[in-house]
Amino acid sequence: MSSKFLNLLDGTMFFNAFSSGATAVIREQNDLNRINVFPVPDGDTGTNLASTMRSILELTDVSHSIGKTTRSIADAALMGARGNSGAIFAQYMHGLSTIIGDRDSIDRKTFAKAAHEAISYAYDAMVTPVEGTMLTVMKDWAEALIAIEDSERSFFEMVERSNEVALKSLEETPEKLAVLKKAGVVDAGAKGFVAFIEGIKTFLSGRGVNLEDEIIPDIELKKHVHIDEGNIKNRYCTEAIIEGSRLDVNGIKSIISQFGDSALVAGTDTKARIHVHTNEPAELFFKLKDFGTVTQQKVDDMEMQYRVSQKRKYPIALVVDSVCDLPKEVIDYYQIQMVPLYLNFGKSQYLDKITLKADQFYTLLDTTEDYPVSAQPGLNTFQNLYHFLGTHYDSIIAIHVSDKLSGTWNASTKAAERMKDKKISVINSRHVSGSIGLLALTAARMIEEGRSHDEIAETIESLSKNTRIFVSVNTLKYMVKGGRVSPVLGLVGKAMNLKPIVSVDKEGNSKLYGKAFSKLGNMKKILGFVEELNRKCSVVSYNITHAHAHRTAKAYEESLMKLLGKKPEYIMEVSPVVGISAGVGAVSVSVLCERDTWSPDVNIK
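Under the working numbering, the residue at position 234 of the sequence shown is numbered 576, and the numbers go up by one with no gaps.
These are computed hints drawn from the structure, not numbers from a lab. Predicted, not measured: the structure shown is a model, and the values here were computed from it. Possibly wrong hints are sitting among the right ones.
[To be verified] With a Cα cut of at most 20 Å, we get these calculated EDC-like pairs of lysine to aspartate or glutamate:
#1 LYS878 <-> ASP943
#2 LYS699 <-> GLU671
#3 LYS756 <-> GLU803
#4 LYS629 <-> GLU514
#5 LYS908 <-> ASP943
#6 LYS699 <-> GLU485
#7 LYS848 <-> GLU874
#8 LYS595 <-> GLU585
#9 LYS451 <-> GLU485
#10 LYS861 <-> GLU803
#11 LYS764 <-> GLU711
#12 LYS764 <-> ASP745
#13 LYS653 <-> GLU790
[Said to hold, decoys possible] Pair by pair, the computed Cβ-Cβ distance ranges are:
#14 ASN752 <-> LYS518: 22 to 30 Å
#15 ASP701 <-> SER941: 53 to 61 Å
#16 LYS807 <-> MET903: 47 to 55 Å
#17 ARG588 <-> ARG793: 32 to 40 Å
#18 LYS853 <-> ASP763: 21 to 29 Å
#19 HIS892 <-> LYS857: 36 to 44 Å
#20 ASP674 <-> ARG793: 37 to 45 Å
#21 ASP763 <-> ARG893: 49 to 57 Å
Where is the CB? At the ideal position from N, CA and C, for every residue including glycine.
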């Protein structure tokens with residue numbers, strides 16, 4: 343039987359219809375990003391919904407039973423949801439799955455009833471539901487399904503008629519939400535849901551959705567989008583999964599609502615996804631850890647996303663990872679995109695520099711039984727970022743931590759290769775911490791000067807050989823805990839008060855570069871290295887990073903200013919992911935020179 347005359351829906355047919363709807367959303371993502379002004383004008387609703395749909399399509403285990411299939415879709419949606427709209431959609435699918443239960447198949451009346459009752463799940467997930475959004479359109483569409491009582495109609499005719507109601511509801515969203523009317527757009531999340539229903543309708547008509555298809559004609563209101571940066575009161579779109587037995591969902595809602603707005607809790611009492619816009623993600627997760635195991639943290643900088651989508655400074659986007667130590671004010675000024683690595687303390691997962699502050703990190707370092715390990719960002723993280731940036735920039739340059747120390751460069755490279763229509767250069771810096779910072783700062787300044795993409799990429803590749811870092815490690819304790827140094831050597835080092843100096847070689851491998859038996863001894867050796875480099879290769883710029891060692895960093899600054907006759911580019915706290923090995927008290931000096939510091943005539947040992 344043609345799907346156009348379908349009267350009974352099983353798991354396989356439901357997933358096929360769902361896939362068509364999901365593809366339609368992915369098709370619309372750029373337009374959804376363009377009109378995204380609520381709850382904040384960060385221009386990523388399309389990216390978030392498309393990512394949510396991709397996760398569902400990839401993770402769903404399709405069964406002939408519609409109950410098993412919808413349960414798998416709901417689980418996949420919960421794990422892969424991104425953004426406010428993605429979380430709402432995930433909770434809606436959870437409600438739909440719960441109501442369908444263990445049925446093998448359902449008729450039109452049962453589907454309409456389940457789709458309508460699932461709306462309450464989506465509303466209940468929101469701490470403060472707002473009309474004129476995806477919620478409203480979902481509700482109007484579901485009520486239209488219930489109102490279509492003609493038992494002779496097929497699934498196609500039912501979806502076709504209810505979709506007309508959804509489209510009308512979408513057109514009316516600016517009348518319900520003032521910010522939409524002011525901007526001259528409909529709600530982006532709501533339009534995404536209508537695209538989803540349109541895709542299902544297309545499948546039921548006997549056709550499939552291609553990514554090139556036009557799904558929804560543009561709804562013209564005004565000819566331009568006018569939005570106000572002041573709408574972003576809470577900068578970070580913050581999400582995570584909380585797992586446990588008998589989660590206190592109401593307690594979790596109470597906590598996240600205290601930290602910001604757009605608060606939402608989707609899922610069950612054993613696994614829940616939280617979403618909130620907040621200025622304090624680290625403090626939020628410090629509170630939430632008492633409710634269960636917090637994993638899959640995701641934090642998007644909505645203020646930066648707004649600037650990228652509405653106030654882009656340059657045609658070339660610059661991307662770094664969190665191992666690159668650059669001050670926040672530099673990142674903000676040059677609109678640099680920073681992708682965090684993960685820090686895992688046992689089952690608890692944190693985002694480097696974002697959901698774990700330095701004070702909290704070093705406290706956990708000394709008090710928890712599980713010593714932290716780092717993990718690279720996933721392929722999807724880079725893929726989502728590059729798709730978003732590709733919408734707003736002519737090209738992208740990414741500079742990453744040495745591939746000998748992390749798989750970050752590899753994940754970024756694979757994601758870039760999937761962006762066939764966008765020029766992306768992914769550079770293996772062969773460096774770490776402050777030395778990557780000097781390379782990234784050089785790239786940012788070249789972008790500001792209007793240099794070409796190829797010139798910048800070639801220059802940074804070349805300057806990697808002109809850059810050095812020297813790290814004074816205050817104690818071997820953390821290297822022993824992290825497994826980089828044996829316990830026996832650690833005891834010997836402690837007895838001798840050994841202070842190693844660590845660097846990276848020209849291939850980007852970590853290596854022992856020297857040692858002394860006091861902090862002052864290490865300082866003298868590092869100053870000697872820098873002096874020799876300056877004499878042979880001429881130091882152009884330098885920076886100082888440290889792990890809770892402000893006074894020692896200041897002493898380095900005073901000595902280096904006398905030695906080089908110039909101030910450092912900056913002094914800052916080292917990334918926690920670097921602090922795993924360096925440990926409290928570590929100080930590093932990174933230098934950028936005019937010439938290759940690895941040439942045969944340069945010997946600084």
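Inset, instruction - Provide an ascending list of the numbers of those earlier hints which the structure does not satisfy. - result: 4, 5, 6, 10, 11, 12, 14, 15, 16, 17, 18, 19 and 20
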